[in-house]
Amino acid sequence: MSNEDPKGRVHNDAIVKKAERKWRAFTRQIFRHGHGLTNDRLRAKIEEYLKGLPVEEQEATYTFFQSSLRGTDVEVYHDTDATFTAEMTTEFPPRMGEYVLYLFVKKEYRESLLGDLEQDYQEVLEKFGVRKAKFWYYAKVAQTIGPLIRPTLKRFFKWSAVAWIGDNIRRFIP
Amino acid sequence: MKPTKQLGDLDELVLLAIARLQEDAYGVSIRKRVEEATNRPASIGAIYAALERLEDQGFISSRQGEPTAERGGRAKRYFKVEGAGIAALREADEIRAKMREGANLGWLPQGGVA
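In order, the protein sequence lines correspond to chains S and C.
Quick note on the numbering used here: the first sequence kicks off at 1 and runs consecutively.
Quick note on the numbering used here: the second sequence kicks off at 1 and runs consecutively.
So that you can see chain S by itself, here it is in the shape it has in the complex (with noise of 0.2 Å):
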């Protein structure tokens, strides 16, 4: 990755490299718990995330900032010299459908799961709109904690029959 920013001013390894994980931080944030928020809070958010940092992480920042948005539905444009903003045009999947992964998916898989569905979702949401996306989410979502769900049926189920099965045999023992 070049350290080279629209303006053409080339920044220090360690200085991008730092101003890259913050970024991280910041979009996972902002990703992940950004529903319900307007174009224009989220682009608030944005400018207001760049302004709190050091000149020199800002500038580095914007090596970077074009490409990590790239793939969404996130449109950057350059505004002023100093400042960069976003249109943020992201549907989020419904969150009733996240919540119910969330109650039947094992910690550690569920961020790659709920990213992956997330995943196919834009793709859905590009080709036939939202209503229709938010559909196929939830029909993605019974869909998928059918096979998730199963092993822990029938472990109960299998319990449940010793017991029962124990219980009967207890009666015959005097």
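Fair warning: there could be bad hints in the mix.
What the hints assert, rightly or not - Below, a list of computed lysine to aspartate or glutamate pairs in the EDC-like style, where the Cα atoms sit at most 20 Å apart:
id: 1; chain 1: S; residue 1: Lys-154; chain 2: C; residue 2: Asp-56
id: 2; chain 1: S; residue 1: Lys-7; chain 2: S; residue 2: Glu-47
id: 3; chain 1: S; residue 1: Lys-132; chain 2: S; residue 2: Glu-98
id: 4; chain 1: S; residue 1: Lys-17; chain 2: S; residue 2: Glu-57
id: 5; chain 1: S; residue 1: Lys-7; chain 2: S; residue 2: Glu-57
id: 6; chain 1: C; residue 1: Lys-80; chain 2: C; residue 2: Asp-56
id: 7; chain 1: S; residue 1: Lys-18; chain 2: C; residue 2: Glu-66
id: 8; chain 1: S; residue 1: Lys-45; chain 2: S; residue 2: Glu-20
id: 9; chain 1: S; residue 1: Lys-22; chain 2: S; residue 2: Asp-5
id: 10; chain 1: S; residue 1: Lys-107; chain 2: S; residue 2: Glu-47
id: 11; chain 1: S; residue 1: Lys-106; chain 2: C; residue 2: Glu-52
id: 12; chain 1: S; residue 1: Lys-107; chain 2: C; residue 2: Glu-66
id: 13; chain 1: S; residue 1: Lys-107; chain 2: C; residue 2: Glu-55
id: 14; chain 1: S; residue 1: Lys-17; chain 2: S; residue 2: Glu-59
id: 15; chain 1: S; residue 1: Lys-154; chain 2: C; residue 2: Asp-9
id: 16; chain 1: C; residue 1: Lys-32; chain 2: S; residue 2: Glu-57
id: 17; chain 1: S; residue 1: Lys-17; chain 2: S; residue 2: Asp-5
id: 18; chain 1: C; residue 1: Lys-32; chain 2: S; residue 2: Glu-123
id: 19; chain 1: S; residue 1: Lys-154; chain 2: C; residue 2: Glu-52
id: 20; chain 1: C; residue 1: Lys-32; chain 2: C; residue 2: Glu-91
id: 21; chain 1: S; residue 1: Lys-45; chain 2: S; residue 2: Glu-59
id: 22; chain 1: C; residue 1: Lys-80; chain 2: S; residue 2: Glu-111
id: 23; chain 1: S; residue 1: Lys-106; chain 2: C; residue 2: Asp-56
id: 24; chain 1: S; residue 1: Lys-17; chain 2: C; residue 2: Glu-66
id: 25; chain 1: S; residue 1: Lys-107; chain 2: C; residue 2: Asp-56
id: 26; chain 1: S; residue 1: Lys-106; chain 2: C; residue 2: Glu-35
id: 27; chain 1: S; residue 1: Lys-17; chain 2: S; residue 2: Glu-56
id: 28; chain 1: S; residue 1: Lys-127; chain 2: S; residue 2: Glu-108
id: 29; chain 1: S; residue 1: Lys-22; chain 2: S; residue 2: Glu-47
id: 30; chain 1: S; residue 1: Lys-22; chain 2: C; residue 2: Glu-66
id: 31; chain 1: S; residue 1: Lys-45; chain 2: S; residue 2: Glu-4
id: 32; chain 1: S; residue 1: Lys-107; chain 2: C; residue 2: Glu-12
id: 33; chain 1: C; residue 1: Lys-80; chain 2: S; residue 2: Glu-108
Claimed, not checked - Just a few of them, taken from the derived set where beta-carbon distance is under 10 Å, the chain C residues facing chain S:
id: 34; residue: Gln-22
id: 35; residue: Glu-23
id: 36; residue: Tyr-26
id: 37; residue: Arg-31
id: 38; residue: Arg-40
id: 39; residue: Ile-44
id: 40; residue: Ile-47
It should be emphasised that the hints constitute simulated quantities derived from the structure, not laboratory data.
Don't be surprised by glycine CBs; every beta carbon is placed ideally from N, CA and C.
Chain C: place on chain S using the hints.
Chain C only, in chain S's frame:
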């Protein structure tokens, strides 16, 4: 080394997909590979259930990747086949080879039984 448990059909497909995808083996890419190979839709839940079983048995290991914006800031989990997984695949292959031995499939019409 003999693996403790034999592989189920989907587990075997998932293991083969991971072996094939190597560095790029994560949920979506594994599912797509399985769907391509079998020509049937595979649910992501079934894939993750298989991954969980395989990891519990020590056939695969996983690591967390970087979070990306296109996935809503969520990280990918990359999977890798371990030695026990390779041994399990070899054993499954041997079983199939033994089962095929002497099986006369020549009389079947092309594309299977009508």
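- request: May I ask which of the numbered hints given earlier this structure violates, with the numbers listed in increasing order?
  value: 10, 16, 20, 26, 28, 31, 32, 34, 35, 38
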